[in-house]
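Participant: Same order as they appear, the protein sequences are chains A and B. Straight run, no breaks: the first sequence in full-length UniProt numbering ends on number 289. Straight run, no breaks: the second sequence in full-length UniProt numbering ends on number 334.
If you're looking for bench data, these hints aren't it; they were derived computationally from the structure. Treat the hints with care, since some could be wrong.
No farther apart than 27 Å at their CA atoms in a straight line, the calculated lysine-lysine pairs in the DSSO-like style are these [as the list claims (entries may be wrong)]:
id: 1; chain 1: B; residue 1: K238; chain 2: B; residue 2: K226
id: 2; chain 1: B; residue 1: K94; chain 2: A; residue 2: K286
id: 3; chain 1: A; residue 1: K286; chain 2: B; residue 2: K130
id: 4; chain 1: B; residue 1: K203; chain 2: B; residue 2: K184
id: 5; chain 1: B; residue 1: K184; chain 2: B; residue 2: K65
id: 6; chain 1: A; residue 1: K96; chain 2: B; residue 2: K74
Partial list, derived from the structure: chain A residues whose beta carbon lies under 10 Å from chain B [stated by the list, open to error]:
id: 7; residue: M186
id: 8; residue: M191
id: 9; residue: G193
id: 10; residue: A194
id: 11; residue: P206
Keep in mind the model is a prediction, meaning the values are calculated, not measured. Glycine included, each C-beta is placed from N, C-alpha and C at the ideal position.
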Amino acid sequence: MATRQTAGLARLMRAPAIILLLIWMIVPLGMTLYYSFQNYNLLNPAAISWAGWFNYQYFVTDPAFMAAIRNTLVLVLGVLTITVVLGIAIALLIDKPIWGQGIVRILIISPFFVMPPVAALIWKNMIMHPSYGVFADIARFLGLQPVDWFAQYPLTSIVIIVAWQWLPFATLILLTALQSLDGEQMEAAEMDGAGAISRFVHLTLPHMARAITVVILIQTIFLLGIYAEILVTTNGGPGNASTNLTYLIYRAARLNFDIGGAAAGGIIAVILANLVAIFLMRAVGKNLD
Amino acid sequence: MGRITLEAVTKRFGEVEVIPPLNLDIDDGEFVVFVGPSGCGKSTLLRLIAGLEDTSGGRILIDGKDATDTPPAKRGLAMVFQSYALYPHMSVRKNIAFPMRMAGVPQDEQDRRITAAAKALNLTDYLDRKPGQLSGGQRQRVAIGRAIVREPAAFLFDEPLSNLDAALRVGMRLEISELHNRLKTTMVYVTHDQVEAMTMADKIVVLRAGFIEQVGSPMDLYRAPKNLFVAGFIGSPKMNLIDGPEAARHGAHTIGIRPEHIAVSPTAGTWQGRVGVSEHLGSDTFFYVEGTGLAETITVRAGGDIDLHHGDTVFLTPDAAQMHRFDDTGARIA
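Let the sequences and hints guide you as you build the complete structure.
Facilitator: The following block contains the structure:
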């Protein structure tokens, strides 16, 4: 943008796209905001009235709320930890030239192509099922009591399923970062007397910092909204043991038909997500410069 | 001390033998340049010495000790790479400190060596910058600094100047030569540029397809190239190589005469021809003379003030005392 005219022209040219995006965002947000202050229940849709802050108060004081916040954090942090650590490990492994590299890479990426409910159902019925799941078979083979995953470790089970789904994404991004690492740098470090671990700590990790940041930011956005996996496996239970914020809002809207309460929950979720985003950008965003 | 001896060193990549058994002695304090066209194995040879490649056969001795299976870090050699291979997320100071950190050198000793290296290489003002904020020449100096602080037995340079522009290259060439005069450490330098080889080397090793074509001082190679390949490779502009009846007249299959050993006259001489392209450099003039009855275009170097241009008729007289004669295998006839 060399001159004031071109800058003004550029602003004019991009205005339609920005205005469209703004409408796209502002209308649903405005409606949600509006409904969050209304008494509006689908079981009695005629009785709509101003509710003030009641919906917010009701949602926040729900005993499930704090559990949902905690579960959301555990879910996000758990999946992030597993995907980043395993992602780096797998990327390091498949970066080395091996026989059948193409097939191995496709196999590693394939979980990402399975839609979340399908993946969750496969895990539920074929892998983690206490009587005919693969894990149960293994446990019996070893002479152990099979684990009823969704009853005993509901949140852990969901973390495992979601991590399985997102591991390919992390691996892929980290692998591309790894491949752009300059071979001569590694050789220079080798000549400088750095062992394999030193090279990993001083060269590989700093080189991958940006990719790791991207993985954390993108995954966090999607992980805050995890819902399908919970719906088809545990239904948020037992009790509230695997209810996250998204699922709590779903429960308000679709099981209790409380549109006002769900809208209030939605607004709270938006605020919390933005807090997380600000925190993340502060913490790791400097790597993106 | 930095005496490096290669005994029948061989390198194969699968079936392909890139370095056939090769013997070479590099004396302590010598500046040795490996030169040859791309793909001649000169970089591979350097990497074998560095330990970045494993030998397929033979022995590498450093100061008389067998280092064939010693890992690179333990050989006491420092290498400067073509791409500089600086660590991008570390400041210049940390880059230079890295090998010392890995070796566990005490902090005050590290600081002392960094200060000395930075002063020697004019990097004092840049110590806290990242490599990305430096120019090509500065990055090259950081890479050299990182090598110096290790106080190695020998420096290995892998085409260190090929990423620099022409003016910087001349400057860095001088700096590296000065560094060698000051440190008196063995240096092994790989380049495809024969000018770098001629200007810097104590000893030039000319390589082709993994074979050593000739080893000698720059002037030995210039005055008495052992074969056609060395004759054509050393010297700029290239030596004129003439086949056919003219060569037979001198009892050779091919004769070679350097452009500076041909006298130019507008009136009389051995070969008559026409000036094709003429390059006036001020100090020198290069003529490419055609139509002499010889199959080859003859390159001639003359003084800067000679007044001949495209299309002019010239007479050329080769200096018979400076003529090189080669037989049909390309070997020099003494």
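Participant: Give a verdict on every hint.
Facilitator: Now for the hints, and whether the structure bears them out:
1. K238(B) x K226(B): Between K238(B) and K226(B) the Cα gap is close to 16 Å, so the pair holds against 27 Å.
2. K94(B) x K286(A): Given pair K94(B), K286(A) holds - Cα atoms ~20 Å apart, limit 27 Å.
3. K286(A) x K130(B): 16 Å, holds
4. K203(B) x K184(B): 14 Å, holds
5. K184(B) x K65(B): At roughly 21 Å apart (the allowed maximum being 27 Å), K65(B) and K184(B) satisfy the hint.
6. K96(A) x K74(B): Distance of about 25 Å is within 27 Å: holds.
7. M186: Nearest chain B Cβ about 8 Å off; hint holds.
8. M191: Result: holds, 5 Å to nearest chain B Cβ.
9. G193: Check passed: Cβ of G193(A) comes within 4 Å of chain B, closer than 10 Å.
10. A194: 5 Å, holds
11. P206: 4 Å, holds
Taken one by one, the earlier hints all hold for this structure without exception.
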